[in-house]
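Novice: The two chains are supplied separately, each in an independent frame; assemble them into the complex guided by the hints.
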Amino acid sequence: MKKTKLLSTILAMVLVAGMLAACGGTPETPSSTAPAETAPSAEPAEEPADDAAPADGAFSAALVTDVGGINDQSFNQSAWEGMQRLESDKGVKVSFLESKKDADYAPNLAKVTDDAPDIVWGIGFLMKDALAAAAESNPDQRYALVDDVFEDGQYPNAIGVQFQAEQSSFLVGYIAAHKTETNHVGFLLGMESPVMDRFKYGYEAGVRYGAKELGKEIQYDFALAESFSDTAKGKAMAQKMYTDGADVIFHAAGQTGSGAIEAAKEMNKMVIGVDLDQNFLAPDNVITSALKNVGNAVYDITGRIMDGEELGGTNVTMGLAEGGVGIAPSSDKHLSAELLAQVDELQQKIIDGEIVVPYTQEDFDAFVANL
Amino acid sequence: MLNNILLAINITLMYSAPLIFAALGGVITQRSGVDNIGIEGMMTIGAFVATAVGYFTGSPWLGFLIGGLAGAAMAVLHAVASIHLQGNQTISGVAINFIGLGLALFLSRLFFDGATQTQPVPKKLPKILSLLGMDTSNLTINAINIDITVPLAILLTVAMWFFLYKTKWGLRVLACGEHPAAADSLGVNIYVIRYVCCILSGLLAGFGGAAMTLAVVSNFSPTVISGHGFIALAAVIFGKWTPQGALRACLLFGFAQAMVVMLGGMEYIPSQLLAMLPYVLTMVVLVLFVGRSEAPKANGTPYRKGER
Chain A
1 MKKTKLLSTI LAMVLVAGML AACGGTPETP SSTAPAETAP SAEPAEEPAD DAAPADGAFS
61 AALVTDVGGI NDQSFNQSAW EGMQRLESDK GVKVSFLESK KDADYAPNLA KVTDDAPDIV
121 WGIGFLMKDA LAAAAESNPD QRYALVDDVF EDGQYPNAIG VQFQAEQSSF LVGYIAAHKT
181 ETNHVGFLLG MESPVMDRFK YGYEAGVRYG AKELGKEIQY DFALAESFSD TAKGKAMAQK
241 MYTDGADVIF HAAGQTGSGA IEAAKEMNKM VIGVDLDQNF LAPDNVITSA LKNVGNAVYD
301 ITGRIMDGEE LGGTNVTMGL AEGGVGIAPS SDKHLSAELL AQVDELQQKI IDGEIVVPYT
361 QEDFDAFVAN L
Chain B
1 MLNNILLAIN ITLMYSAPLI FAALGGVITQ RSGVDNIGIE GMMTIGAFVA TAVGYFTGSP
61 WLGFLIGGLA GAAMAVLHAV ASIHLQGNQT ISGVAINFIG LGLALFLSRL FFDGATQTQP
121 VPKKLPKILS LLGMDTSNLT INAINIDITV PLAILLTVAM WFFLYKTKWG LRVLACGEHP
181 AAADSLGVNI YVIRYVCCIL SGLLAGFGGA AMTLAVVSNF SPTVISGHGF IALAAVIFGK
241 WTPQGALRAC LLFGFAQAMV VMLGGMEYIP SQLLAMLPYV LTMVVLVLFV GRSEAPKANG
301 TPYRKGER
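Listed in order, the protein sequences are those of chains A and B. Its first residue numbered 1, the first sequence is counted upward by one per residue in this note's numbering. Its first residue numbered 1, the second sequence is counted upward by one per residue in this note's numbering.
Bound conformation, chain B alone (with noise of 0.2 Å):
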């Protein structure tokens, strides 16, 4: 029982890691006007860059940083859209998911002898009791040895708080995504601000996308991130547009998820239901708890200079 009661806060944590590396990435850059829809496409590229790179150079934690390079790279991309071209941001960001798919797909290819899905890496990213040198055969400490990931996803998340809300620089980006006309006059870059968030959305998401292939599992596969970008958008919203409601958000998912998995396998609860159980809580908790969640401003719309 207290196995599976570990197990449960366990899986709850490998399932939201990813997730909340991406729905930071959401955050930032939506926080200071640019939306991007395309953090799915970013982490499926980070996720396979990342795998890639573990598997040949055979460092994990390589793999996990060059991920979020590509990542942003993909997020370059969309920036350049988006705030110097003044494109429609939601049109760049679908393309990027297409792209980020097919050009992860286009790269397996080419690496791994035409395969869709690469060979399981080396070395994973370690879990944090096996990096303590513990017994991991050991059921209990099995179910509590988490990926270090987690840690490092609810620190960046103290990290964007402070970022955001305590720094003279975090002032600005929130200025930026409100009222970016207003900032301009008071002689803020407007400009380099998004570029700067933009393309640390495309780290984070990269980043996530490395959580799932080097943490969660061992290799890349054309399914391995499937909607995971886009619950990290919604968890964005439900968080209100704040790091921390962002991380709460994708823990109540994982949450669910894990419900899902423990509740499972009961005779009398029918498996359908079990499946739904995810969403419709996260339905009943933004209806009770939630309440009103107000987008920035200027989210989504492209600044031109001295345009009022």
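Here chain A stands alone, though its shape is the one from the complex (with noise of 0.2 Å):
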């Protein structure tokens, strides 16, 4: 019986430490390098009175984080900095509230909400739930989530915001189809789902373009470690791809993906980073990364709404055009010149809608076709 019991409790135990490492963030290093738009401000900065509600008329920005906390290095930090920015800026009070569990974000929500801000952002789509909830129960408070979508006009207060990871996807594959010298490139995604989708077909289609453009024919593996946590899984998975034959990989993983890297540099074979610049993590490895741009969206859309534009009840789109995403500052030091001019060239293609980028099976079969 005393068996049952421990192995009950250790089960038990697992699916919580399951459920808490599913929540980890993706790790960022600040490097928003947003467009320093400088449009006025709808009402002038003042010394805030107090944490109440604003009732000296500067406009207020509240942000409940996600598990990683303000320092993540990721999502949070980036929206952090968005946020002071805002703050710098155009003179609005900002303030934050951390989350250190799932369980914290309906509470937290709620408290933010009892100041009464101009906007509340939520970051990350663990938030999803608790902010629809939220934005039901009050619904003259404005909310906005990051990293996903309300169905149109279902919370009228509620914002939703994605971003086109395809496009930065296409693009870093482009640089892959370039970069590998076996014709071999490899993928490695985390989970499958709407929203990792953008990057699966937007990468595979980047190489095919490229691979199209080079008129050389590249082999693409792909391996999905159904985990954004096991590391060493996702090192292993990168080196099975690598030992095949493969010498670049993009990762899509979260923290499996660190394992890719960890393989890379220890294989000394060419990775790609995502979601932030990566290259830190491997200098000498990681030749560029696929960014969402949180931070630069955070800026943008309370901008917007500063500026009288009545967003709530939509689904806001940040992609290559807006600054959502694209790829790392860092890229030059692996990328020559003439291929981030290229890259440069297709970005505006992308911009100007002459290259639609797939993110679902049926347009990633069209484009292909299409090449």
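None of these hints come from the bench; they were simulated from the model. Accuracy of the hints is not assured; some may be wrong.
As the list claims (entries may be wrong) - Straight line, CA to CA, 30 Å or less: simulated BS3-like cross-link-like pairs of lysine-lysine:
{"id": "1", "chain 1": "A", "residue 1": "K111", "chain 2": "A", "residue 2": "K212"}
{"id": "2", "chain 1": "B", "residue 1": "K123", "chain 2": "A", "residue 2": "K333"}
{"id": "3", "chain 1": "A", "residue 1": "K333", "chain 2": "A", "residue 2": "K212"}
{"id": "4", "chain 1": "B", "residue 1": "K240", "chain 2": "B", "residue 2": "K166"}
{"id": "5", "chain 1": "A", "residue 1": "K111", "chain 2": "A", "residue 2": "K100"}
{"id": "6", "chain 1": "A", "residue 1": "K179", "chain 2": "B", "residue 2": "K297"}
Quick caveat: nothing in here was measured; it's all calculated off a predicted structure.
Specialist: Okay, structure coming up:
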């Protein structure tokens, strides 16, 4: 009997640990190089009176982090940097509240709502349900959620923000096609979901596009880790792909992907980072990274609201054009000026709509067929 | 093909090494009668301290050692609570798990500019063939190049087996976990043995965490230890509370993970099924080959002198 009890305790703990683990953020270095927009602020900056309702008329914005915390080198940190820029550029009264665990989201959102700021930012799709509930019960409060969308008009006071990660993934796929010497590239995916599909199809489309342009045949390996936290598994999967002959791997797998970077370091191969400039993890091996600039999104959208734009009930899409995604500034360490110029050209084509990067299976098939 | 087979073995060993350390810790403490659910927390703190020391001193071995000591320090808390104060060991262990992660993150923020992820260490624990100066750019050599932690873990298993079954002190530990009152009546100091074994388990768990962040990867992040401590505990039960059994269980688990990796990417096997493989395989082996496994009788029960 004792054994069963022990076993069940262990299993319960594994579940809890798994949940906690899954909530970990992806690392990010502060690398926001936002376009310095200087839209006139709707309200003049004034000395904030106190923490209560902004009776003094200054626009106020509050941020609730997910479990990563404000210094997570990832989305939260990037978002907070966006907030700080709002403060210095536009005199916005900013504040943040850190969530220590998933259960904190609802109380934290309620707590910041008590101060009735002009906008409440929730960072990360983990917060979607809590934020939706808060939006429903506080119809007068404006909310915005990073990295997930709501049904159009479902919550007239909530804004969903999504990133066109397929565009940055396309660019790094193109880079991979140029950099591979074995004509064999790999992709490591954390989990499958509509958001992650953007990385998957965008990258493969980029590889195919680059291969077509260079007139070569490139073998493409795909590995699915079913985890965002299992670093050892990521490393093993990358080792497998490298051993099979790939020499460039792009990962969209959070901490699992750190394992891929580790494998690249050990085997002296090339790897492409995600979400933030991951070059610091392996300066000789991370040739570029597909960035998601959460800070730019926070800055941009808050600014638009200050200018009187009513975005509630809609979803905002941040792509290359809006500075929401892009490639890492450290890319010039490993990529030739020539290749970077080609990437810039490609980027312009995407912004101009000349190339529409696919992010579903159907669109991808059509894209490849039209190459 | 050959490279792939070698790589599968390599991945098995890479995956198992941290688990083996932690599982050995579980064996020794439970054999002495102190349950330790807190292995996960001790691994986490060990993983962080090892990385931090490795990063700031540049010496992975010093990091490894101090990482182990950090785990041992956590185990002291558990030992005091469960042996000295005779508290509930499950609760203490759960608390250790929370403290371990919390403390690791807190310290990380303190030492790494508020970040919960550390910088990569400048030097990792060596791999054995690199140590011999062989060229690792060759794929075959790379596939047989294992971390130094692997032989270390196996060596420790042998040492613990020898200690438990071939030495007088080992016998006393076993007696302590089965019938402490009887051992006490023969003059064995139950408290000392349990303290030592419990702290040893923290040391080993700390090594396990350090093996993860100094050999498998090269930096600490909040999810680097996610469930490894619990898998190690399962391996203890699976291995019938013996060091060699725990080793086998860890290897089996590592092998299953390697299979997941090697079979991955094949179109005709759904990845969800593949992800289940380690757990299904574990259960199948448990049912078919392991048979009855019985915990040390006094495991988890605080010892009160003079009580029958």
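Novice: Could you grab the alpha-carbon distance between A:K179 and B:K297 and see if it respects the 30 Å cut-off?
Specialist: violated (61 Å)
Novice: Sort out whether A:K333 lies within 30 Å of B:K123, counting only the CA atoms.
Specialist: Status holds; Cα separation ~23 Å.
Novice: For the pair supplied as a hint, A:K111 and A:K212, is the alpha-carbon distance within the 30 Å limit?
Specialist: Judged against 30 Å, a Cα distance of about 54 Å means the pair is violated.
Novice: Hey, A:K111 versus A:K100, does the alpha-carbon distance stay inside 30 Å?
Specialist: holds (14 Å)
Novice: With a cut-off of 30 Å on the C-alpha distance, tell me whether A:K333 and A:K212 pass.
Specialist: Within the cut-off at roughly 26 Å; holds.
Novice: Between the alpha carbons of B:K240 and B:K166, is the straight-line distance 30 Å or under?
Specialist: Since the Cα atoms of B:K240 and B:K166 sit roughly 18 Å apart, the hinted pair holds (cutoff 30 Å).
Consistency with the previously given hints fails for numbers 1, 6, ordered from lowest to highest.
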